[in-house]
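Chemist: One letter stands for each residue in the lines below.
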Amino acid sequence: MRALALLALALALTAAAPAASLTDIEDEVMCLECGTPLNVSNSDVADQEREFIAELIARGKTKQQVKDALVAEYGPSVLAEPEDDGFKLAAWVVPVLAAVAALAAVGFTARRWRRARPAAAAHAGDAGIDPDDERRLDAELAAFDR
Amino acid sequence: MRARAYWPVTIAAALLVGLLAYGLTTTGTDTTLDSAMARGERVDPPTRESLPRLGGAGDGSLADYAGKVVLINVWASWCEPCRDELPLVQKAHEMLSARGGTVVGIDVKENSGAALRAVQEFGLTFPNLRDRDGSYVREWGQTGYPESYVIDRAGKVAAVRRFPVTQKWLDETLPPLLDESA
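Protein sequence lines correspond, in order, to chains G and H.
Read in order, the letters of the first sequence correspond to residues 53 to 198 in the working numbering.
Read in order, the letters of the second sequence correspond to residues 8 to 189 in the working numbering.
Incorrect hints may appear among the rest.
Pairwise CB distance ranges, derived in the manner of DEER restraints [what the hints assert, rightly or not]:
| no. | chain 1 | residue 1 | chain 2 | residue 2 | range |
| --- | --- | --- | --- | --- | --- |
| 1 | G | Val152 | H | Gly63 | 46 to 56 Å |
| 2 | H | Ala43 | G | Pro128 | 30 to 40 Å |
| 3 | G | Val158 | H | Ala45 | 47 to 57 Å |
| 4 | H | Gly63 | G | Pro128 | 19 to 29 Å |
| 5 | H | Ala43 | G | Thr75 | 39 to 49 Å |
| 6 | H | Gly47 | G | Ala157 | 55 to 65 Å |
One-sided and incomplete, this derived list gives chain H residues near chain G with beta-carbon spacing under 8 Å [what the hints assert, rightly or not]:
| no. | residue |
| --- | --- |
| 7 | Ala19 |
| 8 | Trp85 |
| 9 | Cys86 |
| 10 | Glu117 |
| 11 | Ser119 |
| 12 | Arg139 |
| 13 | Gly141 |
If you want a taste of the chain G side facing chain H, the calculated C-beta under 10 Å gives, among others [said to hold, decoys possible]:
| no. | residue |
| --- | --- |
| 14 | Leu84 |
| 15 | Gln100 |
| 16 | Phe104 |
| 17 | Glu107 |
| 18 | Phe160 |
For the record, the hints were derived by calculation from the structure and aren't laboratory data.
Each residue gets a CB set at the ideal place from its N, CA and C atoms; glycine is no exception.
Required output: the full structure, derived from the provided sequences and hints.
Modeler: Following this line, the structure appears as structure tokens:
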């Protein structure tokens, strides 16, 4: 009974898997020789990769199955995402570090502003006006009120 | 205060420059073999890594051909100059195999179905290994397709050809190496 339920679930999932299309897959696959995504590559090796994908689609493979077959035939670098070892690890690490650095910079700047504002306000209050100027200001305000 | 604010920026800039320098030095073409050949030296192969056999089970490597003169030919069926060259390479294999040598093909960046169709089309009888992503030939300082490297009986790289072989080059390069003892 449980086996039947699992089989039904597997069939339902298979049926739900979207049909693969060359245009959908092309931008997620690299032309290995040109180093550009397949959808913007016109080299002979790109044409051969496209033929390979088209053959798999014609055989009814899903997008994920096509990508798995590409990796099996060409290695993980055929997928348009950086590898997670060696120098290419930098492609993953640098954006994260940059985001952390940007957040830290925003936090640091906000803290400086917050500290500077009360100080500036206090400074403005302390600055005081020259007593002569203050007397002149009072006199002018009084004259204005009249 | 101002100086304190600058040091993280300086360190970040230094790290970025270091990363760029590391990237440039690790992804450039390796010219070690070419320099050695220009000096007339024979050197160890840059890699002894094993690769999957084309159309067969398991992996193969240069170690399988110890004591033989090996003409390593880098090819792919999508490469037109390689296709033009393959009949000559097959002929070289027939000559080599009769005298204690062999051609070993390194099929680069193509699916095995396409490669096997080319093997059949050109009647290739030499063994072929698959360099799926080109990382093996990169170790040899590969600059294009086709390329050939010759290994002598002692397992040293004796010649490098960065473009298609010619009958003249094969005649000048292979027989003297075949005459050497291991």
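Chemist: A separate judgement is required for each hint: does it hold in the structure or not?
Modeler: Hint check results:
no. : hint                           : in the structure
1   : Val152/G x Gly63/H: 46 to 56 Å : holds (49 Å)
2   : Ala43/H x Pro128/G: 30 to 40 Å : holds (32 Å)
3   : Val158/G x Ala45/H: 47 to 57 Å : holds (55 Å)
4   : Gly63/H x Pro128/G: 19 to 29 Å : holds (23 Å)
5   : Ala43/H x Thr75/G: 39 to 49 Å  : holds (47 Å)
6   : Gly47/H x Ala157/G: 55 to 65 Å : holds (57 Å)
7   : Ala19                          : holds (6 Å)
8   : Trp85                          : holds (4 Å)
9   : Cys86                          : holds (7 Å)
10  : Glu117                         : holds (6 Å)
11  : Ser119                         : holds (6 Å)
12  : Arg139                         : holds (4 Å)
13  : Gly141                         : holds (7 Å)
14  : Leu84                          : holds (4 Å)
15  : Gln100                         : holds (5 Å)
16  : Phe104                         : holds (5 Å)
17  : Glu107                         : holds (8 Å)
18  : Phe160                         : holds (8 Å)
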